[in-house]
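Participant: For reference, the chains in residue letters:
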Amino acid sequence: MKKVLLATTALIATASMAAAEVRISGYGRFGLDYNDAHSNDLADANYDGISETTITSRLRLQFDMSTETDGGVVIGARYRAQAESRDNNPGGATFNGARFYATYGGFTVGVGNIIGAVENMPGLYLETRSAGLGIDGAGFVSLVTNVNNEYFNWDAYSSAGAGANGLEVLYSAGGFTGHLSYSTDNDILPTAAVTDSAGDIITPATAGSLGGDRFAAMLAYTFGDWTAAIAGQSSDNAWEDKVAVSIAGDLGQFGVRLAYADNDGISKWGLYGNMDIGAASNILVFVTDEDAVDAADVAAGRADNRDTATVDGTEGTSYGIHYSYDLGGGASIEAGWRESSNDNTTVQAGVYFSF
Amino acid sequence: MKKVLLATTALIATASMAAAEVRISGYGRFGLDYNDAHSNDLADANYDGISETTITSRLRLQFDMSTETDGGVVIGARYRAQAESRDNNPGGATFNGARFYATYGGFTVGVGNIIGAVENMPGLYLETRSAGLGIDGAGFVSLVTNVNNEYFNWDAYSSAGAGANGLEVLYSAGGFTGHLSYSTDNDILPTAAVTDSAGDIITPATAGSLGGDRFAAMLAYTFGDWTAAIAGQSSDNAWEDKVAVSIAGDLGQFGVRLAYADNDGISKWGLYGNMDIGAASNILVFVTDEDAVDAADVAAGRADNRDTATVDGTEGTSYGIHYSYDLGGGASIEAGWRESSNDNTTVQAGVYFSF
Amino acid sequence: MKKVLLATTALIATASMAAAEVRISGYGRFGLDYNDAHSNDLADANYDGISETTITSRLRLQFDMSTETDGGVVIGARYRAQAESRDNNPGGATFNGARFYATYGGFTVGVGNIIGAVENMPGLYLETRSAGLGIDGAGFVSLVTNVNNEYFNWDAYSSAGAGANGLEVLYSAGGFTGHLSYSTDNDILPTAAVTDSAGDIITPATAGSLGGDRFAAMLAYTFGDWTAAIAGQSSDNAWEDKVAVSIAGDLGQFGVRLAYADNDGISKWGLYGNMDIGAASNILVFVTDEDAVDAADVAAGRADNRDTATVDGTEGTSYGIHYSYDLGGGASIEAGWRESSNDNTTVQAGVYFSF
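Residue numbers (the UniProt record's numbering), protein chains in the order written: chain A, 1 to 355; chain B, 1 to 355; chain C, 1 to 355.
Next comes chain A alone, as it looks inside the complex (with noise of 0.2 angstroms):
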């Protein structure tokens, strides 16, 4: 299994004081994203104007800031500076929330934009450099903790927001890995309803809601070529409780997974392979099913994610391959096709630059 993500970290030495530093990393991604979901046609039933062929890119910039103090504890700090286009809407780079950390010896304890114990277990994203299909990761859909219109509802790392605002404290020693991370919601407080001077009501009055929690945790083990996790995540919100599990081997010339996730009672099942072919390529192929939700959740709120005869419900198969050609200085050539479970066929081709 190709180890395509170089670090190409700059380093800026300070001044006055060995312990402190500032590191700038990054990388770029830049290709074409053909999405059937999007019609430039007006006599397509899913005209929205957007041709379904549009660039899709990214320039990520990483500032590392961190210190040593004298006891030997590390403490320190992450933002990004990252613009995005997606179909055919660009925009201007924007900064993420901070994560601050200190670590000290296996133990690390991070406030802030945390990782996340779901989102840091090993086995949940694909081996590329998207992390998923294609350029962009084409939806993610590959991940078994993502069913139902219930996408990423677990606390994550977050490249483009501000994040969870948690703590999350993490250990590691040998081949073992644990991790713990909480976060809360601020309540939505009711509003009244604002009226014209006729007394007509222009906005109507929201109820509010109580802010939620959300616990989480994770464990992994690596023996030899394999790596086995189980991770898990208690919420107030609904549907968002769930658990995971994943069995990955990095077998030299191949790699082989196999992960599954309960989301709140629709099971998600994912078998994911790769091999090396030459000295630069690399192929992928995945597979997934996801159950049905229960009739029962439908009828207490839950999104649908049954196929009807009018609805392309998330229930059923996604599959997908991807392919990665390296070009040497921390570039690649990377290119994917999948179709989801929901009839959605995206295929992405373009390149990838770390610095």
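Keep in mind that the hints were calculated from the coordinates and are not lab data. Even for Gly, the Cβ is constructed at its ideal location relative to N, Cα and C. Incorrect hints may appear among the rest.
Said to hold, decoys possible - Examples of chain B residues lying across from chain A (beta carbon under 10 angstroms, computed):
#1 I55
#2 R58
#3 G91
Claimed, not checked - Calculated from the model, a selection of chain B residues having no Cβ within reach of chain A, i.e. all distances over 10 angstroms:
#4 D87
#5 Y104
#6 P122
#7 V169
#8 L189
#9 G211
#10 N344
Mind docking chains B and C on chain A? Use the hints.
Facilitator: Coordinates of chains B and C only, in the frame set by chain A:
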């Protein structure tokens, strides 16, 4: 009095011109903030959906650009990209407005996001890393120029906003520093009412207002271990005229300071002391006393700082204590507790690190 | 003709990979802008609450990331964080959209916030640090492609926005440069009317519109001291088709230039000259003449540039003069005065410095 604000600037030498450079520096801070003004208990009178205890954090990256002309004039500029979390409301980093300057000999001209003459007065802020209590300053109630819901109503370098967009001149020679600053606002133009199709008013007309000027001046003189300073602001905006004086002594292990301001009729006194303990610790205490607003001013529309049976005005005494422990490498533990004159209790503790 | 745009790029060498790098560069500028279109005197007909004389300033920090593949292809990207103040309305820095590129031999492919073929034509902009008059360009009335409230209606690298999100190919060999560029917009979808609780319309329905394509091409050839160029744009959007030509001579102490454009029926001529004076000074003058819009176009909905008794159209003659004094170290004094064809006078003076 301990100097914990170490200079750890990262300097990027330029390739083709010795005179021009970009310096990168900054700091991170994170910790917990207990503030009894908040509550996420629906039964509390001051329920606002925010926990009493939240994460407070900031990550500041500062860019200093400069060059030197053949005639020895240094021309430069500064801005910051700063991410903050307060009251469990995190955000991605944003840049503030730029301050430009030209320096020759003891003279400096500043343009844009100016420092401001009152802001630059020695003996105004606390001798801590936040320049206030605890991790994030805890509202900066210790400043004698902050009274009666008229906080920070003088021209000051803005770390998160665009700033005053003004002009300033500074001169230093020997122990003497002089500072003049000026800014003006654009007028706020009146707007017409917005009506719906039935002619009912949705958004009322606004009257507009004339933009105001602010002039400020500061003089400071250091003789031996002591520094005396006076500053004042004359403003077109209501209730912003003020005069402040301070005298501070840096007596090796001890620091003492006395400050006073007349804030357009509201007097405020402050007394401050700090002491090094052992090799790495420093303790600081302060007490301030704010007089009541004049009843005639209240009748003229000024905010009312007077304590009543139902309202905790800012009139009266505030006090606090701050503890700092130097960890080495530019990092320290900072903790503080303060009671403000309007019965607000804040306790904060966490970590600072410079880079 | 003086070359004041010195390259002072700061280069951060990467730790582990010789090919990858991040370069940091930029410039600052600040000064005063007199513009008689503004007034903060309520008695003036053109009162808009903004003083005639305001601070104009910009601080630009540019990040250039690149790497080189084993096959010798350079892959890279650029974006900028830029803070501006105009008309006494300052702001914090924001990033623009990223431009990605791959270069091999004389060929370059660009993606995203492209330069654009018309924008890249030699002999389009003034030979000054702002590429226009004074400190901030003073509206760039000197460009023959800017007419009739249709300013900057071609694909061009955006320093403050997301840009065209297009594709371009450039080729250079010897004195020859060729450039093709293309971009497209998403359709703007129609929206339904928003009504209040009484059914009255608050926000009317909108019709939507089809997104437009822009194709552009440019050819330039340098022979000895002279450069000739031609560029054109074909656009789906109204009044954006245009052809421009230029010829410019860089004759040591003197520079001369002639430019012409047909802007979808509106012709504009420009004549430009500049001269070095002594070791550090340069003076530039220009005059342009814009023809009237066709009456049939106005009837078809096009803006009207014709002078009338009550309206100062952009038809007619604009002229200006610019002075530059090199201070050394990448800094210079820049000053300019111009009269635009619609009777607007602007005078600016201030300082530039590169880093």
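Participant: Does each hint hold? Answer for all of them.
Facilitator: Verification of the hints:
Interface hint at I55 (chain B): satisfied, since its Cβ lies 6 angstroms from the closest Cβ of chain A, which is below the 10 angstroms cut-off. Hint status for R58 (chain B) relative to chain A: holds, with the closest Cβ pair at about 8 angstroms, below 10 angstroms. For G91 (chain B), the interface hint holds, since its Cβ comes within 10 angstroms of a Cβ in chain A; the closest pair sits about 5 angstroms apart. With 10 angstroms as the threshold on Cβ separation, the claim that D87 (chain B) sits away from chain A is violated: the shortest Cβ distance comes to roughly 8 angstroms.
Residue-level check passed: Y104 (chain B) sits 24 angstroms from the nearest beta carbon of chain A, beyond 10 angstroms. Residue-level check passed: P122 (chain B) sits 24 angstroms from the nearest beta carbon of chain A, beyond 10 angstroms. For V169 (chain B), the shortest C-beta to C-beta distance to chain A comes to about 30 angstroms, beyond the 10 angstroms cut-off, and the non-interface label holds. Remark: the non-interface label on L189 (chain B) is consistent with the geometry, its nearest Cβ contact in chain A lying 22 angstroms away (cut-off 10 angstroms).
In this structure G211 (chain B) is separated from chain A by more than 10 angstroms, as the shortest Cβ-Cβ distance comes to about 29 angstroms. Every CB of chain A lies more than 10 angstroms from the CB of N344 (chain B), the least distance being 19 angstroms, so the non-interface label holds.
Hint 4 alone, counting from the list given before, is not met by this structure.
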